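Undergrad: Given these sequences and hints, build the entire structure.
Those protein sequence lines, which keep their order, are chains C and G. Mapping the first sequence onto this note's numbering, position 207 (from 1) lands on 404, and the numbers just tick up by one. Mapping the second sequence onto this note's numbering, position 44 (from 1) lands on 241, and the numbers just tick up by one.
Keep in mind that the hints are not guaranteed to be accurate.
Chain copies aren't distinguished; within one or between two, either way the pair holds.
The list that follows gives simulated cross-link-like pairs (lysine-lysine, DSS-like), each with its CA atoms no further than 27 Å apart [unchecked claim]:
(1) K229 x K404
(2) K741 x K634
(3) K895 x K840
(4) K640 x K354
(5) K210 x K404
(6) K895 x K624
(7) K404 x K225
(8) K640 x K624
(9) K296 x K404
(10) K296 x K887
(11) K462 x K634
(12) K462 x K225
(13) K354 x K209
(14) K478 x K883
(15) K296 x K883
(16) K887 x K840
(17) K478 x K779
I should point out that these hints are in silico values taken from the structure, not numbers from a laboratory. Computed from a predicted structure; not experimentally measured.
There are 2 protein chains.
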Amino acid sequence: MEKTTTASLTAKKTMIGQRLNKPDAPDKATGKTRYINDMVLPQMLIGKVLFAGRPHARIARLDTTAAEKLPGVHAVLTGKDVAGLKFGFVRDNVPLKDKVRCEHDEIAAVAAETEEIAQRALELIEVEYEDLPGVFTPEDGAREGAPQIHDNFPGNKSLHFEFKDGDLAEAEAASDFVVDNVFRPHHVTHCCMGTSCAIADFDHNGKLTIWTQTQYPYNYKMDLAPALGIHPGNIRVIQPPVGGAFGSKLDVYPYEPIAALLAKKTARPVKVMYSREEEFKASPTRQSAIIHMRTGCTRDGTLTFRTADVLMDNGAYTSWGPTIPVVMMRTVSGHYRVPVVDFKAQAIYTNNPYAGSFRGYGNVQAAWATAQQMDMLADLVDIDPLEFHLKNAQKSGEVTPQKSILNECVFVECLETAAAASDYGRKRKEYAAERNKPGRYKKGIGLASSIHNAGGAKIHKSDGIGTILKVDDYARVTVITGASEIGQGIDVVIMMIVAEELGVPPEHVTIVNNDSDIAPWDVGVHASRTTFIAGNGTRRAAQKARAQILNAAARALGELAEDLDLRDGSVVRNRDGAPLLKLERLMRQMHFQPEPELVMVTDYYEPNSEPEGAKYSSNSSAAYSHAVHIAEITVDTLTGEIKVDKVTVAQDVGRVINRMGLEGQIEGGIAIGLGYALSEDMRIEKGMLKNPCFRDYKLITAPEIPTFDLHFIESYCVEGPYGAKGISELPTIVIAPAIANALYNATGVRIFNPPMSPEKVARAIHERRVQATSPDGGVIPS
Amino acid sequence: MEKTTTASLTAKKTMIGQRLNKPDAPDKATGKTRYINDMVLPQMLIGKVLFAGRPHARIARLDTTAAEKLPGVHAVLTGKDVAGLKFGFVRDNVPLKDKVRCEHDEIAAVAAETEEIAQRALELIEVEYEDLPGVFTPEDGAREGAPQIHDNFPGNKSLHFEFKDGDLAEAEAASDFVVDNVFRPHHVTHCCMGTSCAIADFDHNGKLTIWTQTQYPYNYKMDLAPALGIHPGNIRVIQPPVGGAFGSKLDVYPYEPIAALLAKKTARPVKVMYSREEEFKASPTRQSAIIHMRTGCTRDGTLTFRTADVLMDNGAYTSWGPTIPVVMMRTVSGHYRVPVVDFKAQAIYTNNPYAGSFRGYGNVQAAWATAQQMDMLADLVDIDPLEFHLKNAQKSGEVTPQKSILNECVFVECLETAAAASDYGRKRKEYAAERNKPGRYKKGIGLASSIHNAGGAKIHKSDGIGTILKVDDYARVTVITGASEIGQGIDVVIMMIVAEELGVPPEHVTIVNNDSDIAPWDVGVHASRTTFIAGNGTRRAAQKARAQILNAAARALGELAEDLDLRDGSVVRNRDGAPLLKLERLMRQMHFQPEPELVMVTDYYEPNSEPEGAKYSSNSSAAYSHAVHIAEITVDTLTGEIKVDKVTVAQDVGRVINRMGLEGQIEGGIAIGLGYALSEDMRIEKGMLKNPCFRDYKLITAPEIPTFDLHFIESYCVEGPYGAKGISELPTIVIAPAIANALYNATGVRIFNPPMSPEKVARAIHERRVQATSPDGGVIPS
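TA: Structure (structure tokens):
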């Protein structure tokens, strides 16, 4: 924490905008944190899962007799034990399968005294499969006569989304330039350092306590209950420290009901934890999709329309993941001022691994397309991309076709700041001029941006949060909040807000937010919402406490409450900051007075957004923001390797609350986006994952992290806490197309199917050179 | 739970008075409960303590070099590391000593990787002692020129208490009969099945989390802080399930700061847990005392005065324990209508083990004297003791000399009920007539009673409790309360009260009450207060929630709130019980409506009692109650063995809330009192405990439990929850003198120094026979 050394008595020091460490950081850095993966409960059994290991098959025979007889085995479960326990977004999943639809389908599960016995028991389970012809791309799945994956989903059709606005034919006619490309974003996975893990235990009343990594504990109960055939009220969710979530824990996966069903059968706590290989194979993915996008503009660089026709690889089951088009369409329709929009998305069942949600939630895929097409159109119009972007950038008060209201919009400032800080215009021209000259190493600079909800997303009936705040006799504050800490840093934000309102040191604030029976309702960590929503909830609760305290202080001191403030652990006089009464002393006076009062307040905050609705035409977030990334890269044209030298970021953060947390979220988000852009790739061949290990999956690691130049643009959002907006997804969303645009600037090639691996880049450069020497050279390969 | 089978729609079934299992019972019965003793934290070290093993000595030399060098040892602490860290009721204790004042004085402590290494390290610590002459009785300690135990407590005087009311000389002159005896209640200890245990861990901000067995988590922080030299606000207390407390965990003992100081030094969690032998030697006692009591009455059986001059064995240090005279004096002054009172008590330091608090808290010792003297006086007046008791028993509205206001007093009903149920009058005469006839086995019946606070005890600045109650979207209720569950059964009482007010099944209520950072303030489990205080707090909070829910229901249904009720999980029509709306559905409607509301309420309840005050003249409890025990025994006059055949109890419980819990508390309390009366005895010889094991200590066990005939007299206390009063200490208090009176009835002998062991009883009977055959025979031995 920064300290002001020369503050006068009168100066009120604000916490907002300071740099504070996360309270969980020291324990994590020193190895003291006890993750769920480390947990052991008394009498706990180990559960293990038998995976199908093939993409599509009938189970001809399944014999668990030998496994059941193995000493130390307490339970063996198969599909016949879970008949009817349907779960998932369209209730197409079961904890244990009676038919194989993807490689990691759960065929049987055992609970045993030790992991070794459990493993041996799995080996004793006899299964005979009859393989079926599979479907491995959404095009194949959608084809007439394709093998059916679920009997009750004809044509392998899972989810369908559509949004249209304006007269497309007219807009097309008015367009001087149209870009028309097919983008093929690929499968990646979250790679949480803590592998998937759940521990389940039932009490004698049939109430389940599940220790799990979920990031949405309240609706999780609703989603888990049908997989167990119990009432969601009979589920208590406890969230021990998690080793990463990034959206992956916004769903129920079969290992969770499996742990619970084994616990129910054995009347013992059961832990199911994946190995790294199991984690790669069985945990969710970011959806791959085929995005056919067209964008038009006039000769003067005014956008005329944008269409997107999206075919998503749903995988074998439908989680929350395939709802990403809800977010995609807001980018397609709202990324720059687009007067006419036509968006369609269809999720098609395949025998591939299936998706969960993943930071960026559809916007990663959408922005990959939109931000490249913006660059391509600027090229066609032949103006500097910055100028093209500025021309089409929305300003405060504009409303998108989907009715998103862009209050406090500083997109233009973001564009100008990033461009100025990186000397974008000069470098872009210079590098483009170098492009066709000899030389192995080429530099490139690329600009990309996107829009994202920054004030929650009302996709449920409520986007709110409950908060309970109490101050004890020592002026120590406890905040019981629905907001989960999954490593993103909400706890320190809450501590700072309480410190700001109550004038206590942030370390005097305890956060209680990992037990669904204790903490009040919240919709979960998603949609970049937590600082916005929980920040508001905390601030409102703290302000109620503040009012109660100042009123009591006023009575005790014979002053007016409005003449008093809370600073540095004391009640002070507002006008000169003179300390009048220690806060902890006041708390005891309030407690021990003849009419005793304890400070215990509650608050429920619901943002002023509108429900998403079936027509997708509502102001579904209480705020929106933009980020601009400018990537500077060096391309080895021989090997195709892209080195990202520097990333300049200008992002509308509303208001900085914890500067350190902001930096961490933006840098961490970009790291995920870099992996997506450059190296990470689930190599799925006929439904089988070929690279289920870090050696072959190629996560981005510390040495590959570029220099960052971060600019936080403060738009002072009226609805946000102290003006703050949600910020955490945009960094992951924007970096990949910025690099793609830089790659074009450096080499003249475009990659539409990430990652931009050395192999692909080298091949593309080679092909461009071949084309460049041909009669119709210079065309952008598509 | 009892079920009503023929309830009509209109009948509102009440929870109050039902029989419910404790929610922790099944796990305890099946061995699933994870007590603090079972807990293991990651990186946890084991702490062990080197005890002096002698009662009074100077430490001439202390060398820990070898212990420190032992591999696996992380820290060794001695008295020089804790200089100035004074704690205890008069700040006369330190975590580690620089002088020996009792056998279990803590000389050094180590933290090591394993218990074995820690034990070996203790053996490597070299200590040379110079023994000092000791003081082993309070008389010896009070004597002029006695060895001084603490330099700053001259004359070995610890605490002093006095209360006088009325003209003693006049009362004595008006007395026709006076009994004058010296009672010598002995040392016993709590014998918790879970031995003393604490685990301490500091975070990087210097905040201590201590997992401990305390039954007063909030003031515990205040008591522990000076032993560590930290601010009490920097302590978080977590209470895992405890294997018994019975008052013993109402204080800070050296092992707790030792665990914390070792944790601080090693920056690792440290667990200190006593072996059973250590537990016997180092855990607290019930005070031994020398009570010189005189009681007078007139010829018609009207009490005239009572005096008590008490010399207490303080032991080597002053815990909260020696404040028991505050309770003793209320029995001396308020047990029956006593117009004139003179009470004095002095605690004298000795080199014996020292006391903690123990269920009954001074009243066990006081009632041992008062209830025997009542029996003796009845004998002198020569009327049936019942008649004598009834003549002097207070009635509703009477005020004791100390200003205790006996509202809703049903003492007479208790006396009459117990006597009638046991056929006391007839049996007493019959057994007395048999007393001097031949025969080895003699039957006896004895009546005893006492008064106790039953509505808390305002010995701190507040006797209140904070409660937070929330109802979730599934109509599951969470109560966050300051009331600790230490096995006494408060959780089920809270569940029943919530069920009563909100019409939900009790198992739908989760109690959160084991973490001082989460739960609001409460003074702790003592003074039989928890059902009264926490019951009121819970009821008030539940009624606030009920009002909010009924108002919302009224709006939703277009009804008046007063026409609605909550029953069986639904909003129902009051007049006919017709269900109108599922409660969980209403909760979701309230949450998802345009003006959303969650049910989250807070309450702080402070009883209407008065602070104890330095003059001990105030109505310090919000209620008082009485219990009458009638013990029926068979005495083997040859061996002196007393077999308790039956105990008839009539106790003013105010109102039965959980009938099963009441039975359990009364039967369990009597079991403790039976051990005190008959067998338990710390054999302390020159400060050294000679029987530190269950074989020699002789706890009462299941086969010795008599038949119980329990009568709950419901006085409907206006201030109590549903009329209930606190009940848990009286059972332990009353049984011993009831047996003593029965022993007199059976044999004509009285024992003044418990336990009434076979050896003492046989000797007394023998001596009486010798006296009976002497010229002045028939005198009661004293």
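Undergrad: For each hint, tell me whether it holds in the structure or not.
TA: Right, here's what the structure says about each hint:
no.	hint	result
1	K229 x K404	between (31 Å within a copy, 15 Å between copies)
2	K741 x K634	neither (66 Å within a copy, 79 Å between copies)
3	K895 x K840	within (15 Å within a copy, 79 Å between copies)
4	K640 x K354	neither (44 Å within a copy, 88 Å between copies)
5	K210 x K404	between (48 Å within a copy, 25 Å between copies)
6	K895 x K624	neither (30 Å within a copy, 91 Å between copies)
7	K404 x K225	between (32 Å within a copy, 17 Å between copies)
8	K640 x K624	within (9 Å within a copy, 109 Å between copies)
9	K296 x K404	neither (30 Å within a copy, 54 Å between copies)
10	K296 x K887	within (22 Å within a copy, 71 Å between copies)
11	K462 x K634	neither (71 Å within a copy, 66 Å between copies)
12	K462 x K225	between (35 Å within a copy, 20 Å between copies)
13	K354 x K209	neither (60 Å within a copy, 53 Å between copies)
14	K478 x K883	within (14 Å within a copy, 71 Å between copies)
15	K296 x K883	within (17 Å within a copy, 79 Å between copies)
16	K887 x K840	within (26 Å within a copy, 79 Å between copies)
17	K478 x K779	neither (57 Å within a copy, 43 Å between copies)
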